[in-house]
Structure formats: C-alpha cells, structure tokens
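Turn these sequences into a full structure, and let the hints steer you where they fit.
As a plain string of letters, each chain reads:
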Amino acid sequence: MFERFTEEARNTVVLAQQEARELHAGHIGTEHLLLGLVGQGGTPVADVLDRHGLDRASTIRAIARLTGDAALDADALGAVGIDLDAVRERVEATFGPGALDAPGPGRGRAQSGHIPFTPRAKKVLELSLREAVALKSKSIGDGHILLGVLREGDGLAMKVISERGIDAATLRQEVTSALRS
Amino acid sequence: MADTAQVATAASSKDPSVGLKAVRSLRTLVERLEALQVDNARDQGWTWEQIAQQLGVTRQAVHKKYAAGRGLLRRKD
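For the record, the sequence lines run as chains A and B. Under the numbering used here, the residue at position 44 of the first sequence is numbered 74, and the numbers go up by one with no gaps. Under the numbering used here, the residue at position 64 of the second sequence is numbered 67, and the numbers go up by one with no gaps.
Among the hints, a few may not be true.
[To be verified] Here are the computed distance ranges between Cβ atoms for each label pair:
id, chain 1, residue 1, chain 2, residue 2, range
1, B, Q47, A, A116, 24 to 34 Å
2, A, A87, B, V26, 25 to 35 Å
3, B, R27, A, P149, 28 to 38 Å
4, B, A71, A, H144, 19 to 29 Å
[As the list claims (entries may be wrong)] Under 7 Å between C-beta atoms, here's a sample of chain B residues computed to sit facing chain A:
id, residue
5, V21
6, K24
7, A25
8, S28
9, T31
10, R35
11, L39
[Stated by the list, open to error] Far from chain B, some chain A residues (derived; all Cβ distances over 10 Å):
id, residue
12, F32
13, R81
14, A101
15, L130
16, S192
17, R202
Read the hints as simulated data drawn from the structure, not as lab findings. Quick reminder that beta carbons are idealized off the backbone N, C-alpha and C, glycines included.
Given below as structure tokens:
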C-alpha cells in the first residue's frame with residue numbers, strides 16, 4: 031500500500047513515527063498521524079487544519095489534555111504547594127524528556143527501532159486507500175489520510191478535531207477540495 | 004504563576020475531592036520518581052541491599068517490586 035503513497039503521505043507516516051517516539055507513546059496512533067499531517071506545514075492539508083486552529087503545538091496540547099495523566103494531576107499537586115512543572119523540568123533535565131510520564135509498553139531506555147501502529151491507525155491507513163479509490167485518485171495523499179481519520183471517526187485524532195469544534199462534514203469538504211486543487 | 008492566596012486556600016480546602024486528588028497525585032509522583040531512581044541506581048551498579056537501605060525498606064521489598072523488569076530477559080531493544 032505504501033508504494034502508492036505520495037511524498038506528503040509518506041512524510042505524514044514518517045513524522046507520525048517520530049512524534050510517537052518523542053512522546054514515548056510506544057505505539058503510532060491516529061493522534062500521531064494527525065501530528066504528522068499538521069507537522070509538515072505548508073501542505074494544502076496542513077493549511078486547512080491550521081485555519082481551524084490545529085497546528086503542531088495546539089494538537090500536542092489537545093492530545094495531552096485528552097490522554098490526561100489522571101493519576102498525576104498538576105492542579106491537585108498545586109493545591110498542596112507542589113509545582114509539577116518544576117518537578118518535571120528537573121527530572122527531565124537529568125533523565126531526559128518524558129521521564130516522568132507513565133511507563134508504557136515501549137518505554138524505558140531510548141526508544142528505538144520499530145513502533146507498531148495501533149489497530150485504529152492501521153484502519154485509518156486502509157481507509158485512506160479506500161478514500162483515494164473513491165475519489166478516483168491513483169495515489170494516496172496526506173489528504174486521503176485525513177479523510178481516513180474522519181471516516182474511521184473514533185480515534186484520538188477525531189477527538190482532537192471535534193474538541194476543537196470542527197465539524198467533520200465541513201472538514202471533509204474542505205479537504206476534498208484541497209485534494210482537487 | 005498561580006495566585007499564592009488561591010493555592011493556600013486550595014491546600015486547606017475541606018473538600019475531600021481536592022485533598023484526595025492531591026494525595027493520589029503525590030503517590031503517583033513518588034512511584035515514578037522511585038522507579039527512575041532505582042533504575043538509575045541499578046545502572047550505576049548499586050546492589051538491591053544498598054537501594055533498600057536508602058529507601059528505608061527491606062531488600063526483598065525493593066527487589067520484588069523492581070527486579071522483574073530488569074536482568075537478562077530485558078534489553079531486547
């Protein structure tokens with residue numbers, strides 16, 4: 031399937047993997063695909079998302095909020111006089127970024143090598159192929175990946191999008207016309 | 004920066020949900036710091052005995068809690 035990907039679509043997947051690694055996620059989820067889409071900057075699809083207020087920074091913040099470390103609540107710690115950000119800063123200075131995050135499957139040591147896609151992210155990539163076929167496109171572009179996210183409809187990326195107040199149908203239309211241009 | 008007076012009020016809040024959430028987060032914070040420090044100590048060649056002593060627990064306790072993730076079976080990456 032990847033051989034039919036355009037350069038932007040390939041970059042999306044490569045970036046998604048980088049983001050997953052940097053965030054110590056242990057998997058590549060739909061949220062990382064979304065980061066791959068917005069992270070390229072300057073592509074028509076990234077521009078569409080940017081117009082809705084989704085750039086890399088805002089997407090990362092939204093993901094952090096949604097996956098929220100319920101067990102480590104900065105506000106609650108602030109209530110007893112502990113500045114979690116200050117603690118995090120010092121710990122990360124010694125042990126590296128993400129050191130204080132919840133230990134996940136891929137965590138520990140420097141994460142390297144293969145990070146698996148979540149079933150949902152795989153599904154999104156499969157759906158991107160279907161979207162490309164439906165739009166009679168010979169190749170799969172980054173826009174088709176976004177359409178796959180919207181079609182799948184349940185991933186964390188979708189939650190980020192709807193939390194932003196973006197209407198899925200509107201976005202679908204905008205992406206489709208961006209793909210045509 | 005959080006308003007100091009506001010933080011002080013929250014700290015002395017009688018609302019159990021505020022206080023209990025803080026306790027839970029403190030416990031989590033301690034767990035994560037402990038795991039980091041134990042890992043670091045083992046990397047630097049400390050024995051379980053030495054680590055346990057610093058933590059004020061028995062060697063068995065610290066070994067049972069952390070040894071499983073280490074050793075020959077690990078380091079596949």
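Practice item. Against chain A, run the beta carbon of K24(B) and see if the smallest gap drops under 7 Å. Key: holds, 4 Å
**Study point:** Interface exclusion of L130(A) relative to chain B, criterion Cβ beyond 10 Å
**Key:** violated, 6 Å
Check your understanding: Is the hinted range of 24 to 34 Å satisfied by the C-beta distance from Q47(B) to A116(A)?
Key -> holds, 25 Å
Check your understanding: Has the hinted range 28 to 38 Å been met by the Cβ atoms of R27(B) and P149(A)?
Key -> Hint holds: Cβ distance 31 Å, inside 28 to 38 Å.
Exercise for review: Using Cβ atoms only, decide whether V21(B) comes closer than 7 Å to chain A, and label the hint accordingly.
Suggested key: holds, 6 Å
Point to revise | Restraint satisfaction for S28(B) [CB to CB of chain A, less than 7 Å] | key: Since chain A brings a Cβ to about 5 Å from S28(B), closer than 7 Å, the hint holds.
Point to revise | Residue hint T31(B), partner chain A, criterion CB-CB below 7 Å | key: holds, 4 Å
Exercise for review: Hey, is F32(A) genuinely clear of chain B, shortest beta carbon separation above 10 Å?
Suggested key: Its Cβ never comes within 10 Å of chain B, the nearest being 24 Å, so this holds.
Practice item. Compute the least Cβ-Cβ separation between S192(A) and chain B, then decide whether it is above 10 Å. Key: Check passes; 27 Å lies beyond 10 Å.
Practice item. May I ask you to check that R202(A) keeps its beta-carbon over 10 Å from the closest beta-carbon of chain B? Key: For R202(A), whose nearest Cβ neighbour in chain B is about 39 Å away, the distance exceeds 10 Å, so it holds.
**Study point:** A87(A) paired with V26(B), Cβ distance criterion 25 to 35 Å
**Key:** The hinted range 25 to 35 Å holds for A87(A) and V26(B), with Cβ atoms some 32 Å apart.
Review point. Are A25(B) and chain A close enough, Cβ to Cβ, to be under 7 Å, as the hint says?
Key: holds, 4 Å
Checked against the numbered hints listed earlier, the structure breaks hints 14, 15; every other hint is satisfied.
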